[in-house]
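Chain A is fixed; fit chain B onto it per the hints.
2 protein chains.
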Amino acid sequence: MNIKNDLFLRAFTDAKLPRPPIWLMRQAGRYLPEYKATRAKAGSFLELCRSPSFCAEVLLQPLERYDLDAAILFSDILTVPDAMGLGLTFGVGEGPRFSKPLREESDVHALAVPDMAKLQYVFDAVAECKRALTQDGEQRVPLIGFSGSPFTLACYMIEGAGSADAFPLTRRMMLQRPELFQKVLDVNVGAVTAYLSEQIRAGADALMLFDTWGGVLAPRLYREFSLAPMQRIVAALRAEFPSVPVMIFSRGAAHSVGAIAAGGAQGIGVDWQSDLADVRAAAGPHVTLQGNFDPLLLTTDEDTIRREIAKSLAGFDPHHRYIANLGHGITPDADPALVGTFVDTLRST
Amino acid sequence: MNIKNDLFLRAFTDAKLPRPPIWLMRQAGRYLPEYKATRAKAGSFLELCRSPSFCAEVLLQPLERYDLDAAILFSDILTVPDAMGLGLTFGVGEGPRFSKPLREESDVHALAVPDMAKLQYVFDAVAECKRALTQDGEQRVPLIGFSGSPFTLACYMIEGAGSADAFPLTRRMMLQRPELFQKVLDVNVGAVTAYLSEQIRAGADALMLFDTWGGVLAPRLYREFSLAPMQRIVAALRAEFPSVPVMIFSRGAAHSVGAIAAGGAQGIGVDWQSDLADVRAAAGPHVTLQGNFDPLLLTTDEDTIRREIAKSLAGFDPHHRYIANLGHGITPDADPALVGTFVDTLRST
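As you go down the protein sequences, you meet chains A and B in turn. Position 251 (the first sequence) corresponds to 251 in the numbering used here; numbering is contiguous. Position 112 (the second sequence) corresponds to 112 in the numbering used here; numbering is contiguous.
Careful: at least some of the hints might be erroneous.
Here are the simulated distance ranges between beta carbons [unchecked claim]:
id: 1; chain 1: B; residue 1: Y121; chain 2: A; residue 2: R347; range: 56 to 62 Å
id: 2; chain 1: B; residue 1: K4; chain 2: A; residue 2: D186; range: 25 to 31 Å
id: 3; chain 1: B; residue 1: P285; chain 2: A; residue 2: L60; range: 54 to 60 Å
id: 4; chain 1: A; residue 1: G315; chain 2: B; residue 2: D124; range: 26 to 32 Å
id: 5; chain 1: B; residue 1: D344; chain 2: A; residue 2: D186; range: 49 to 55 Å
id: 6; chain 1: B; residue 1: D344; chain 2: A; residue 2: A117; range: 50 to 56 Å
Some but not every residue of chain A turned toward chain B, in silico, with C-beta under 7 Å [to be verified]:
id: 7; residue: R131
id: 8; residue: T134
id: 9; residue: L180
id: 10; residue: Q182
id: 11; residue: G190
id: 12; residue: Q273
Hints were generated in silico from the structure; no laboratory data involved. Glycine is no exception: its CB is placed at the ideal position from the N, C-alpha and C atoms.
One chain only, chain A, in its complex shape:
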């Protein structure tokens, strides 16, 4: 498939680009009234994720409003443990919850890579999104697929829900029973590798590993229990699909940027609690950085947005191996007009 605007993919080469490509984490989200309308039609967040046609509908919404250089599959990172039989639900106004978390040793021994047929709805969504992006035989922008990282999935699988306290049940298993915890990670490595491979076969042009919680660990533990499993996935994908770039986004892991870059990922997501110039110095020149604006900016004003963009990019080359993005998901209180200011300012960088 020919891609009309391939600026995003060219950011994974050493080419000097005329401007940075830009997209936004959770660009199809609750800050957009049209997204809320589709979600209401779908009935719930999970039903939206399970409907390829609704997924394609919300995928296009931000592209209609803003001049963006990539689209991302609409889905959730917890589809994979749900397919493992852990029973995912989202209560009203609550985060995710698993009805059958991993609490006993026997739960871990019963865990296995799920049959990918159970995730066919995700691959159907990828294909439907790909079709929706295609106009006159050309794909408008690249389509990004994604998965949660093995460690981040393990956090939810063991805890059974989100945590205000850095997942104590999960970290206790990691510290007290490292071999048992490694078994969970091993299953997750197999599942995520299969899951992302199928997303590529269904049409994903690039991939992102969301490691939302790896950064709660000290560096030595992050590298052992979060980065190492991601690197096994990256290595497997690069061997089979060498032309599809893979990005790792470990929130709060600026300490290990050098190790992430050395481990084979083509891109590194940078959170808003980092300075881009520091991350570039640690990562070296041959890896692509993505990020890292504070989503809070989209709740301020035009002058603040322009001033903070200039400050964030000081001492950093945004035309070389750089993808402009937020440093965390957009928040529901983002002002859609300010999102326009943000995108336009970065496009003229």
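Structure of chain B alone, referenced to chain A:
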């Protein structure tokens, strides 16, 4: 006053020590049944803080159980904004709340360094703690005084409460109205300097600045809005009280350890999401590091505690400018027996 066990204070010199001194953040806390009994007698957490005799009672409790090398004033960081008239309360089972947070520009212009007489109960508690530590004309261990940092206090003063979302109202003022935010910080610098000076006059032998929230900022913003105000306080205290060591504990600010060390603080608190050997490399050899064990360890088992202590201290000299401690406050579910294992293991290091 002669101090019988001054190992803690000697850790602020370049002397090689026979073992690391040890104390625990929140060592007088809810994991101890005797603390809960005193708190019940006092009626509430705030009433406990406001009673010098109850403060002295809970100060001694962990020293009776464990072989610790320092005691810390029992108090709360929010006493200072409370004295500014912001109206501190603690709801049952809730965190702190201010009835009159800083929301309007006029609120900020009305803010002033409080009369230290309003905080006399804290200085009385310092003096009472000092008396309680004294036996046969000798002080058992050094007494640490403390305050919240200007930025951390501003977080609560503007938000009016804790935040699950990195204090959006506070950070919005910082980004949109930096000069107004600086006015809050300036008042806080004056207040904290006066507050800590009075704690020294009342008997504190060392001081700690708890900067719980500075690490939510990107490094460039941390250095401008959190570290710089702390350095003004450190400079003022060092000029007037050169023999009293001051420690800065900025949770999540491992990125700026070099800047903290260069800025004059004699000690740096290290959170559990850092590796001690990395922090030592960034800080250089002439600043004292304190930390950084994961409080979760105190909910595991003896073998895990011993193994993780050994791993955490690998490649690090615990006998030189090092104070063993947790990397965050102890949690209510800590097992008092495991706290003993933890302390004893570190004492034989």
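Taking the hints in turn, this is what the structure says about them:
1. The beta-carbon spacing between Y121 (chain B) and R347 (chain A), approximately 58 Å, falls within the hinted interval of 56 to 62 Å.
2. Judged by the Cβ atoms, the range 25 to 31 Å given for K4 (chain B) and D186 (chain A) is violated: they are separated by roughly 53 Å.
3. Between P285 (chain B) and L60 (chain A) the Cβ separation comes to about 58 Å, which falls inside the hinted range of 54 to 60 Å.
4. Distance hint check: the CB atoms of G315 (chain A) and D124 (chain B) are about 50 Å apart, inconsistent with the given range 26 to 32 Å.
5. Roughly 36 Å separates the CB atoms of D344 (chain B) and D186 (chain A), a value that falls outside the hinted 49 to 55 Å.
6. Hint check: D344 (chain B) to A117 (chain A), Cβ distance near 55 Å, so the stated range 50 to 56 Å holds.
7. Interface restraint check for R131 (chain A): the shortest CB-CB distance to chain B comes to about 37 Å, outside 7 Å, so the restraint is violated.
8. Using the Cβ-Cβ criterion of 7 Å, the hint placing T134 (chain A) at the interface with chain B is not satisfied: the shortest such distance is roughly 38 Å.
9. The restraint placing L180 (chain A) at the interface with chain B is violated, with a minimum CB-CB distance near 13 Å, outside the 7 Å limit.
10. A hinted interface residue such as Q182 (chain A) counts as satisfied when its beta carbon comes closer than 7 Å to some beta carbon of chain B; here the least separation is about 15 Å, so the hint is violated.
11. A hinted interface residue such as G190 (chain A) counts as satisfied when its beta carbon comes closer than 7 Å to some beta carbon of chain B; here the least separation is about 28 Å, so the hint is violated.
12. The restraint placing Q273 (chain A) at the interface with chain B holds, with a minimum CB-CB distance near 5 Å, inside the 7 Å limit.
The structure fails hints 2, 4, 5, 7, 8, 9, 10 and 11 (numbered hints given earlier, in ascending order).
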